[in-house]
Structure formats: C-alpha cells, structure tokens
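Engineer: The working numbering puts the first residue of the sequence shown at 1, with every later residue one more than the last.
Certain hints may be false.
[What the hints assert, rightly or not] Each computed BS3-like pair below joins lysine-lysine, with the alpha-carbon atoms no more than 30 Å apart:
| hint | residue 1 | residue 2 |
| --- | --- | --- |
| 1 | Lys321 | Lys300 |
| 2 | Lys387 | Lys300 |
| 3 | Lys42 | Lys210 |
| 4 | Lys300 | Lys287 |
| 5 | Lys363 | Lys344 |
| 6 | Lys110 | Lys90 |
| 7 | Lys370 | Lys387 |
| 8 | Lys313 | Lys42 |
| 9 | Lys210 | Lys313 |
| 10 | Lys19 | Lys107 |
| 11 | Lys317 | Lys287 |
[Stated by the list, open to error] Beta-carbon label-pair distances, calculated as ranges:
| hint | residue 1 | residue 2 | range |
| --- | --- | --- | --- |
| 12 | Pro62 | Asp310 | 28 to 34 Å |
| 13 | Ala18 | Asp294 | 32 to 38 Å |
| 14 | Ser365 | Ala12 | 17 to 23 Å |
| 15 | Pro248 | Glu307 | 34 to 40 Å |
| 16 | Pro62 | Lys107 | 44 to 50 Å |
| 17 | Asp112 | Asp294 | 31 to 37 Å |
| 18 | Asp366 | Asp294 | 34 to 40 Å |
Hints in this document: simulated from the structure, not taken from any laboratory.
Note that beta-carbon positions come from the ideal geometry of N, C-alpha and C, so glycine has one too.
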Amino acid sequence: MDPLSITASIIAILQLTAKVGDCLRDAKDATTDCEQFTAEIKNLSNLLVALLSRVDESSQEPWHIEVSNLGSKDGIIYQYRIALEQLKDKVMVGHGGRKLAKILLWKYVKEDAAHILLKVERLKSLVQIAIQMDHLELSKANQSLFSSMHDSSQVIQTGVLALQTYQDRSRHLATMEWLSSADFPAQQWDHMQRREEETGIWFLNAPQFKDWIDGSDPVLFCPGIPGAGKTMMAAIVVDHLQKTIQNPEIGVSYLYCSYKRQEQQSTASLLAAILKQLVQDKFSIAKPVTMLYDKHEIGKTRPSADELFDVLKIVIKSYTKTYLVLDALDECADQELDRTQLLKLCFMLQQDTNLKLMATSRKISDIVDKFTGKPQLEVRADTADVKLYVKGQIARLPKCIQGDTDLQVRIADKIAEVIDGM
1 MDPLSITASI IAILQLTAKV GDCLRDAKDA TTDCEQFTAE IKNLSNLLVA
51 LLSRVDESSQ EPWHIEVSNL GSKDGIIYQY RIALEQLKDK VMVGHGGRKL
101 AKILLWKYVK EDAAHILLKV ERLKSLVQIA IQMDHLELSK ANQSLFSSMH
151 DSSQVIQTGV LALQTYQDRS RHLATMEWLS SADFPAQQWD HMQRREEETG
201 IWFLNAPQFK DWIDGSDPVL FCPGIPGAGK TMMAAIVVDH LQKTIQNPEI
251 GVSYLYCSYK RQEQQSTASL LAAILKQLVQ DKFSIAKPVT MLYDKHEIGK
301 TRPSADELFD VLKIVIKSYT KTYLVLDALD ECADQELDRT QLLKLCFMLQ
351 QDTNLKLMAT SRKISDIVDK FTGKPQLEVR ADTADVKLYV KGQIARLPKC
401 IQGDTDLQVR IADKIAEVID GM
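Take these sequences, add in the hints, and give me the full structure.
Structural biologist: Written out as structure tokens, the structure is:
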C-alpha cells in the first residue's frame, strides 16, 4: 500500500479508529483490556486532530517537512495506519461492513491489538513533540525511533537525557489522559468536515465579532433559534482562531455541550476539558496539572470543580490571552445549577485573567439574563450561507436538476427566501 499525504493519512486513521471502536464496543467478550485499547486509540485520535489543524502540505518549513516524514513508508503514522487497516479487516467481514461474530471477537483480535498499542505509545510521543512545533526535537526523535525499529542496539545511544525526556513526556500523556477523556477536538474536526466552504464569513466580519476577537470586549453572547446553525458557527469560529492565531502565548479552547452527553458535562468535567486543551500542547506550563494528578492518582480520586478552577486560573495566567468558545450552553446539563456555576466561574476567571468568552445558546430566559448588558451577535441562517449549502448538496439531487444550472439557482433562491434568516 502506497503512503498517503500526512493529512490524508491522519484522516484515514480517524475514520479507521471510529470503525474499529464501533465494532469492539459491540464485542460480547469485551474485557477491561478491550476497553483500554479503544480508549487508547481514541486518545491518540484527539492528538492527531490537534496536529491536523497545524499541518500545511505546501509548506517547505522544517517543521512541516519533519511532520510529513511521519507519513512516509518508514514513518510511524504510515505503519500505524496499515496496522489499523489490518485490524479493521479482521473485525469486519463481508460486503457492506457486516460485523464479525461478536461472541469471540476480542479474543480473535487481542494479539493484533497488543502490537498496535506499542505503535500507539511511540506515535503519541512523536505527535506530542510535533504539536509543540519543535522540528529539531521531532527530527531527533523520529531518527531515534527509526533506528530502534531497525537496530535495537542503537537505542542505547539515546542516553540518559533522551530517557528522561521520554519519561517526562510519558508522564505528561498519562496526566492528560487522566485529566479528561472528552473528545471535543474530534467533534471539532467532524463539524468542519461538514462545513460548506466560505459559509460563516458574515459572522467573522461582523463588528461585534471583531470587537470580541481583537478589541476590548471580553464576552460575546450568540443566541439563536433551534436549527439556526449555532454549533456550526462555533466550529467556524474555533477553526478561524486556530488558523489565524500563530502566537503560542495565546490559548484557544472550546466546549460542545449536548443533551446526549449530559452525564459527561458536570462543571468539573467541563473545566477539566478546558484545562486539558490549554496544557496538552504546552508541556512547559503543565506543572500545576501534574501536581494535581500526583495528588489524586494515589487514591484514584477525581479533582473537585474548585481545585480545577484554581489550576485553570494559573494556566490561563500563563497565556497573554485565552479564547474560550462555549457552544450550546442551554444543553450543558440536566441541572440549571451546572450551567449557572460554569458561567459564574468563567466570569470569575475574567476578573483575574485575559479570558475571552463566546457562548452560543437558544434564547432561554435564565441564560439570556446572565448576558444582559454584554455584546450580542445573533446566529441566523444567512442567505448567502443557505445558497452555498444548497449548492454543496446538488450532487445528492436528481440528475435532471444536476444538469440544469438555472434550476439550481432558482431552487437555492427559493429555499433562501423561505428560510429568510430564521
């Protein structure tokens, strides 16, 4: 199998991870080992999503070249993708993705999974280095890994310093996995895969948004009716921040709340997810989180919302500015108390840090009241966006429409007219 571009390889891995994970979750003989394996490949996917947002295939800068080497035929990303392909073929047989008999599924693939876990650990370390944009260290680590795979005797030459670096990074990864299992980066990637190009530009050009991102306004509230596209707009904003902010001293974090995941959306869980996003790529400011991990790991306990708040405040102060995009605040949790507490803590953080908060929500009175007097920008179905979306769906329409440009324009215009900014 020929190597793919680094972007295509990562996307393929994300898709393979989802397929393998779905199958293994249905395995009747699933054990703790099986659950650990699916968690490990999912955590690696989140790291790869973070790396994907930084990759520019056309760049000739040293960092981009070194990252591209990871996807070459001898690269660990290429090898990991091939291993996942082989595992996927084992857990799915027949046409149409028919699943293997579930009764002995895990037993059948357990040995393959063990070999893949070895690649997961190696790849995690390299991706962690890559995310920190250090091309020299990435080059050395990649060379060391390549040598170790071809001549084990060369591993000795890495020395005490390399071993210490590996141990530090391994501990950092363990801390991140303990801190939060939320998959918001994967959700962000999924949302952007469904975005029609050039949609949302009206929002990014709005004066209220510009004042929030570049001006002195610390809060931007973005209400909208159900179906107006609030989550997609939040994803577009996150993507815009990630692509336009090149300063490592500025942090970007985001939450996607959902009625379907309310058991994972306590105040403490959401604070932990924000914290993970801000320190995962910055090993240098993670010490307060590591100390929190050491405190709770012995007793296998979880930190309280107050503890996480205190650490989060320290971390945000390490940045010159931090953006937080909070989507679907109305879906935060069953209890109004949770979203009230989350907002209260965010506003408290703004008193001591340069935190910029953007929140989307349906127009629910208790939420709207909390943003009284603060800048607002309503999310609506923009006419230009609707036409772009309809244009992107033409391939799904009957062939008689696909071949009639005038009819396509009339359809798009009529739909936009009916929706009329709702």
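Engineer: None of the hints should be skipped; say for each whether it holds.
Structural biologist: Hints versus structure:
1. About 33 Å separates the Cα atoms of lysine 321 and lysine 300, which puts this hinted pair outside 30 Å; it is violated.
2. As the CA atoms of lysine 387 and lysine 300 are separated by approximately 53 Å, the hinted pair breaks the 30 Å bound.
3. As the CA atoms of lysine 42 and lysine 210 are separated by approximately 35 Å, the hinted pair breaks the 30 Å bound.
4. Under the criterion of a C-alpha separation no larger than 30 Å, the hint pairing lysine 300 with lysine 287 is consistent with the structure, at around 19 Å.
5. Taking the CA atoms of lysine 363 and lysine 344, the gap is near 19 Å; set against the 30 Å cutoff, the hint holds.
6. The straight-line distance between the Cα atoms of lysine 110 and lysine 90 is roughly 11 Å, inside the 30 Å bound, and the hint therefore holds.
7. Under the criterion of a C-alpha separation no larger than 30 Å, the hint pairing lysine 370 with lysine 387 is inconsistent with the structure, at around 34 Å.
8. As the CA atoms of lysine 313 and lysine 42 are separated by approximately 28 Å, the hinted pair is consistent with the 30 Å bound.
9. Annotation: proposed proximity of lysine 210 to lysine 313 holds, straight-line Cα distance about 25 Å (limit 30 Å).
10. Only pairs whose Cα atoms come within 30 Å are accepted, and lysine 19 paired with lysine 107 is accepted, the gap being roughly 18 Å.
11. At most 30 Å may separate the alpha-carbon atoms for a hinted pair to count; lysine 317 and lysine 287 meet this at roughly 13 Å.
12. A C-beta distance of roughly 39 Å is found between proline 62 and aspartate 310, which places it outside the suggested range of 28 to 34 Å.
13. In this structure, alanine 18 and aspartate 294 meet the distance hint of 32 to 38 Å, their C-beta atoms being roughly 33 Å apart.
14. For the pair serine 365 and alanine 12, the supplied restraint of 17 to 23 Å is violated, since their beta-carbon distance comes to about 46 Å.
15. In this structure, proline 248 and glutamate 307 break the distance hint of 34 to 40 Å, their C-beta atoms being roughly 26 Å apart.
16. Judged by the Cβ atoms, the range 44 to 50 Å given for proline 62 and lysine 107 holds: they are separated by roughly 46 Å.
17. For aspartate 112 and aspartate 294, the hinted distance range of 31 to 37 Å is satisfied, since their beta carbons lie about 34 Å from each other.
18. In this structure the supplied range 34 to 40 Å holds for aspartate 366 paired with aspartate 294, their Cβ-Cβ distance being about 39 Å.
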